[in-house]
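Novice: What follows is each chain in one-letter form.
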Amino acid sequence: MMHLVDYRNTDAVKQVPTRNGFGEGIIEAGAKDKNVLAICADLAESTRMEGFKKAHPDQYIEIGVAEQLLVAMAAGLASAGKIPWIASYAMFNPGRSWEQVRTTMALNETNVKIAGAHAGVSVGPDGATHQAIEDIAIMRVIPHMMVVVPCDSVQTKKATLALSEKWGPTYLRFGREKSAVITTDQTPFEIGKAQIFREGTDVAIIACGILVYNALIAAEELANDEGINCIVINNHTVKPMDEPAVVAAAQRCGAVVTVEEHQIHAGMGSRVAEILAQKHPVPIEFVGVNDTFGQSGDPMELIEHYGMGTNAIKEAARRAARRKHGSRLTAANTQE
Amino acid sequence: MQAPSSERLTFLLERANFVRQGIIRSLVSAGSGHSAGSLDMADIFTALYHHVMRHDPKNPAWEDRDRLLLSCGHIAPVRYSAMAYADYFPVDELLTLRKFGTRLQGHPERVRMNALETTSGPLGEGLAQGTGMALAAKLDKKDWRVYVVTSDAEHQCGLHMEAMMTAPKFKLDNLTCIIDRNFIQIDGSTEEIMPLEPLADKYRAFNWEVFECDGNDMAAFIQTTEKAKAVTGKPQVIIANTVPGKGVSYMEGDYTWHGKPPNKEQADVALRELEAARTRILA
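Protein chains in written order, with the working numbering: chain U, 1 to 336; chain E, 1001 to 1283.
Be careful, since some hints might not be right.
[What the hints assert, rightly or not] Simulated pairs of lysine-lysine, BS3-like, Cα-Cα distance not exceeding 30 Å:
no.: 1; chain 1: E; residue 1: K1138; chain 2: U; residue 2: K34
no.: 2; chain 1: U; residue 1: K53; chain 2: U; residue 2: K14
no.: 3; chain 1: E; residue 1: K1099; chain 2: U; residue 2: K53
[To be verified] Computed Cβ-Cβ distance ranges for the label pairs, DEER-style:
no.: 4; chain 1: E; residue 1: D1092; chain 2: U; residue 2: N290; range: 56 to 64 Å
no.: 5; chain 1: E; residue 1: A1205; chain 2: U; residue 2: E62; range: 18 to 26 Å
no.: 6; chain 1: U; residue 1: H305; chain 2: E; residue 2: S1189; range: 20 to 28 Å
no.: 7; chain 1: E; residue 1: K1229; chain 2: U; residue 2: D58; range: 22 to 30 Å
no.: 8; chain 1: U; residue 1: K34; chain 2: E; residue 2: M1165; range: 41 to 49 Å
Read the hints as simulated data drawn from the structure, not as lab findings. No residue lacks a Cβ here, since even glycine has one placed at the ideal position from N, Cα and C.
Same shape as in the complex, but just chain U (with noise of 0.2 Å):
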């Protein structure tokens, strides 16, 4: 049981950012490990590391705007037992520091938790220069790096709870804007282990982050409308991505969809590909950010401009159904 809210009637769908379930998490984990740090580059309050620092001032770092200084000096404290979380926006941590975050943190192997804030074009207004949609990409390729990217405020107050307990480098991706709660206490979490929102055997939509909000009410158009019934999974973990679900969709469905606020080459989307082309290839449509950048906007209209909205999703469905029809007949005449 996934203990879901009632995401059909939008009326009763709270709207909150990611990023205030990440200032929530690390508050109780600070309070439950006293070695947990939150150190901050000049950005507590967009990051939401300013209660914990009023929670837990004698935990909290303020070493201002050097996001390489971030992760090493993380390093340093982490390989003396600490449990550092540093926070930044995204574009610049990890952006910026990827050379420190793959020595100091990746090889080195220290305890380090990133959290990356602002990502994704739904930053909205300040434009592409604030707007990480590759940084998925340069975590994922880094061996021993967890990456997790939770679908609304409430399981990342779950996965920043969850990291601090779990040893090794993380990366945890959340977001600026309100975005849709459609998990409850209730909801179970584990790294790792991806969840299936919504049953259906025709198309598997595979997604992560916010936008399993759209994946959710695209499958429930598609179904009322069209009687295309969609899996939604919400594939938090993108690394080390539980394999078997995604096998498991691929060969009940035989297509699927990825869902992410991320370009779509090197994301996760790529790599659930990357998986299906080795154990069950099937047709794959890919959302996501189509190798551009964003630019300044409201976060739905960029979501929407960029091909992440339920619209687009309905459209990637329909295509991977269409695909996997078309194959089928392929297959059928070749056979005769």
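With chain U's structure known, arrange chain E on it following the hints.
Specialist: Relative to chain U, chain E alone:
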């Protein structure tokens, strides 16, 4: 800690000579690696492992040990050789430098040998990590110290400058940065490639306590570390003026030896020179 007696000083000088011989042997065995900086830091690494630092080779994970970070990981041969001659591992293991399966990677990897404290090589990263470690000691009210060895050219890295700005903010008087000031980098003289001077003034402006000494003078270096330990409320930097390639006549002062090893014949000459120098130390 006391200044070394003359007997002790002779012991240390002979150790440093062995360390240099270990560097030459490991580099010629590896067939690649960095000679000049490794040789010029032999006296300092010997002093750190045999006189300055609190550590236990038989218990490298000792929680209260002083931490030694080598930021400029490319001079790993001097650290490995100094560790071998301080009984961290057998001297013969030096001949595995840079070979498949070795713990003695071309650039240091902590995961392969915990006593290395960090993984290093990408320049400019050591002081930032050392700052984190020193801060952890302060948070936990521990009295262990952190020593970070950096090259001079690393001061061209922005990250190193970020750490220079940060350590004084947290009053990390348990942190000592030691600069291998040999004035060379791969492409030539530091002052031609990207001038570092006035280096001491840069640290003073960033609120560090600044010391300078001859990095190839064992007694002078040890005395300087004592002064550094006595400083309160500020991190300290020791600008150790060194001669690149120190101890091998044909390498001394020649930047072209920054990133290459001696061949067999050159190594034989170097080892003969070092053995002659050892005889003079003991006399």
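Novice: Has the hinted range 20 to 28 Å been met by the Cβ atoms of H305 of chain U and S1189 of chain E?
Specialist: For S1189 of chain E against H305 of chain U, whose Cβ atoms are near 53 Å apart, the range 20 to 28 Å is violated.
Novice: Hint check: K53 of chain U vs K14 of chain U, CA-CA at most 30 Å. Holds or violated?
Specialist: holds, 27 Å
Novice: State, for the Cβ atoms of D1092 of chain E and N290 of chain U, whether the hinted interval 56 to 64 Å holds or is violated.
Specialist: Holds, at about 58 Å.
Novice: Between K1229 of chain E and D58 of chain U, is the Cβ distance one that fits in 22 to 30 Å?
Specialist: holds, 27 Å
Novice: Can you tell me whether the CB distance of K34 of chain U to M1165 of chain E sits inside 41 to 49 Å?
Specialist: Check failed, 27 Å falls outside 41 to 49 Å.
Novice: Compare the distance between the alpha carbons of K1099 of chain E and K53 of chain U with 30 Å, and conclude whether the hinted pair is satisfied.
Specialist: Violated, at roughly 48 Å.
Novice: Could you check the hint for me, namely that A1205 of chain E and E62 of chain U are 18 to 26 Å apart, CB to CB?
Specialist: Because 21 Å falls inside the window, the suggested range holds.
Novice: Holds or violated: K1138 of chain E and K34 of chain U, Cα atoms, limit 30 Å.
Specialist: With Cα atoms ~14 Å apart, K1138 of chain E and K34 of chain U stay inside 30 Å; holds.
The structure does not agree with the numbered hints 3, 6, 8 stated previously, though it agrees with the rest.
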